[in-house]
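Peer 1: Chains as they are written, first to last, in this note's numbering: chain A, 1 to 117; chain B, 1 to 133; chain C, 1 to 427.
One should not assume that every hint holds.
[Unchecked claim] Each computed DSS-like pair below joins lysine-lysine, with the alpha-carbon atoms no more than 25 Å apart:
1) C/Lys171 to C/Lys77
2) C/Lys77 to B/Lys37
3) C/Lys77 to B/Lys2
4) B/Lys37 to B/Lys2
If you're looking for bench data, these hints aren't it; they were derived computationally from the structure.
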Amino acid sequence: MRYMLMCCMNEAHWNGLDEATRDDVMTRYRSWVDQIDAAGQHVLTHQLMQTATATTLRSPAGREVITDGPFAETREQFGGFHLIDCEDLDAALAIARRIPTLAVGGTIEVRPLVDSA
Amino acid sequence: MKYLCFGHMAETRWTEMSAAERQTMMAACHAYDEELKHGGHFLRGEALQPADSAVTVRWHNGEAVVTDGPYAETREQLGGLLLLEARDMNHAIQLISNHPGVRLCGPFEIRPLDEAFPEGFCDSMADTAITNQ
Amino acid sequence: MNPRTAAGLSARIDAIYRTESRRILATLIRLLGDFDQAEEAMHEAFAAAVEQWASDGIPDNPRAWLVSTGRFKFIDKLRRRTRFDTLTPELVRLQDDARSNDPAASELDGLEDDRLRLIFTCCHPALSTDAQVALTLREICDLTTEEIARSYLAAPSTLAQRIVRAKAKIKRARIPYEVPSPAELPDRLEAVLRVVYLVFNEGYAASSGDTLTRQDLSGEAIRLGRLLAELLPDPDVLGLLALMLFHEARRAARTDDTGELVRLEDQDRKLWDNATIAEANTLLDRAFAGQRIGAYTLQAAIIGVHANTATAADTDWNQIIALYDLLLRLQPSPIVQLNRAAAVSMRDGPQAGLALLDALATDEALATFHPYHAARAELLRQLGDPAAADHAYVQALHYVSQTVERRFLEKRRESLQLAGTKPLRPG
Chain A
1 MRYMLMCCMN EAHWNGLDEA TRDDVMTRYR SWVDQIDAAG QHVLTHQLMQ TATATTLRSP
61 AGREVITDGP FAETREQFGG FHLIDCEDLD AALAIARRIP TLAVGGTIEV RPLVDSA
Chain B
1 MKYLCFGHMA ETRWTEMSAA ERQTMMAACH AYDEELKHGG HFLRGEALQP ADSAVTVRWH
61 NGEAVVTDGP YAETREQLGG LLLLEARDMN HAIQLISNHP GVRLCGPFEI RPLDEAFPEG
121 FCDSMADTAI TNQ
Chain C
1 MNPRTAAGLS ARIDAIYRTE SRRILATLIR LLGDFDQAEE AMHEAFAAAV EQWASDGIPD
61 NPRAWLVSTG RFKFIDKLRR RTRFDTLTPE LVRLQDDARS NDPAASELDG LEDDRLRLIF
121 TCCHPALSTD AQVALTLREI CDLTTEEIAR SYLAAPSTLA QRIVRAKAKI KRARIPYEVP
181 SPAELPDRLE AVLRVVYLVF NEGYAASSGD TLTRQDLSGE AIRLGRLLAE LLPDPDVLGL
241 LALMLFHEAR RAARTDDTGE LVRLEDQDRK LWDNATIAEA NTLLDRAFAG QRIGAYTLQA
301 AIIGVHANTA TAADTDWNQI IALYDLLLRL QPSPIVQLNR AAAVSMRDGP QAGLALLDAL
361 ATDEALATFH PYHAARAELL RQLGDPAAAD HAYVQALHYV SQTVERRFLE KRRESLQLAG
421 TKPLRPG
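Take the sequences, apply the hints, and build the full model.
Peer 2: This is how it looks when you write it as structure tokens:
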């Protein structure tokens, strides 16, 4: 099964961490990706620019409306995702629990993908 | 530049649709994906299962805690992702504004990828992933 | 195909994109009648070129090939969209157009006009100034939304919206894609030149931020000026280009090694760029040879006097004041009066200059314009009235928003205090 791990973090909180902490998290992050990669579970990883760069398109009643900023104003913002391929939800959760941003305030949403095959 | 586009949809809307309506919508979306491929803009598309299949992991008292349901309870839920190659944000907006999903489903959020991270890693993975498909 | 040829072809196509993409876009907008469709059609044409030129070689006229491929890609797309529906009138028109003439030849007719059409449409008076600037930079200068946002210290999403709205307005208001008629031309050209000069000024005297100049924007404005001078060599266009080049020639001398502002009279004139000054002189001669002498030409002539004078002491202030008098007739603005007063003070002494400045004291625009207060401060200092000078510096500092200029004014104010006077407290 393929799962999407969506990583959320309060941007202000992350930007407020000292650089050494952020570097440390990113180093551990990289080795986390290396691990799932080596295990053949990694499909795709992307980090997004922060939400200040987002644009949202809506089309209520057929009239297109474009606004600055993300679709949903949440306490934590979606900052990146991993697409993984593993046995089942338990395996996906085991992978997600090891994501190093969790310990510095991050949240991960795990969702199965619709099989494109 | 690469842009990630999040397609949202009120899930009640999906369940309210007739089978024929769903098919029409899916066909329209696939046709548009093809059009994006023609222009070399389509890098990847993924559909997510409904939000009630989601679980959320948080850190609590020194350990990862799992709860049912999506991270954010919004009326419209994330339903799919589209990874686009576009010249700039306006080009990405233009490509998405022709997407049938904006008309038929719900809002799209467009965000540029941070291509600096982790240096060269994402890109190579993405490329392998796409060619392996 | 061997990789060396593939890399070679790709480099050629990149080069063609850089030199031709704006012309191709301008023509496709005319042919397809829509900015966004034209942009997309052009991207598809370049994508097709990568494939087809690899097997067939590069065509004799790549631009014509790309224009006609872009048009056919668009027709294909309309066909795919309409599927088995009846042909739309638009599709019929496009197909007829495409069949009835030889695309290679006829589509290139009036190609230079297409670029002018694009410029006049982007700077159409129905659009706000901000929208004119953003559209011009994106569609004509080929900057990305993100690059424009960076230059103007704005969020990319804000800028993206501005561009989307401007394009929607062009469509909704049916702004025609055309070069204005001779009767309208002077006003419409004035709007275009204003956009070019705004971009230049934002680059040359960045209105806010930490650095004095944003060279990329001035460079884009000069490129635009050169393009206009080539397409429409009107005396005002030549005058504006000369004006920008005279400013640009002094760039290296305008700040010192530490990034601090250096006043005109203190600049090391050996750092001025003589080749650029020579080019500006030629343009200025051409502008003066025209039927009308416009405001940009007069401003260029004033800076030209400085640019062609070896030392500050040799400056011909009579000539400069005479040029300001002419400029005032065309443009009776308080800012021109302020500049003229500064020139008079150089010729006739600080008392004469101050009298002119004080006569402008009731002007509302100048009251919040920091150079006015800074000029008063300098003259009061020369007249030996440090208390009044200090007060004027405080006012100038109140209105300045540019970091480098602020530091310069602070230094000037401090040097006044070092001279041994007790400063007034800002009130």
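Peer 1: Which hint numbers does the structure go against, in order from smallest to largest?
Peer 2: none
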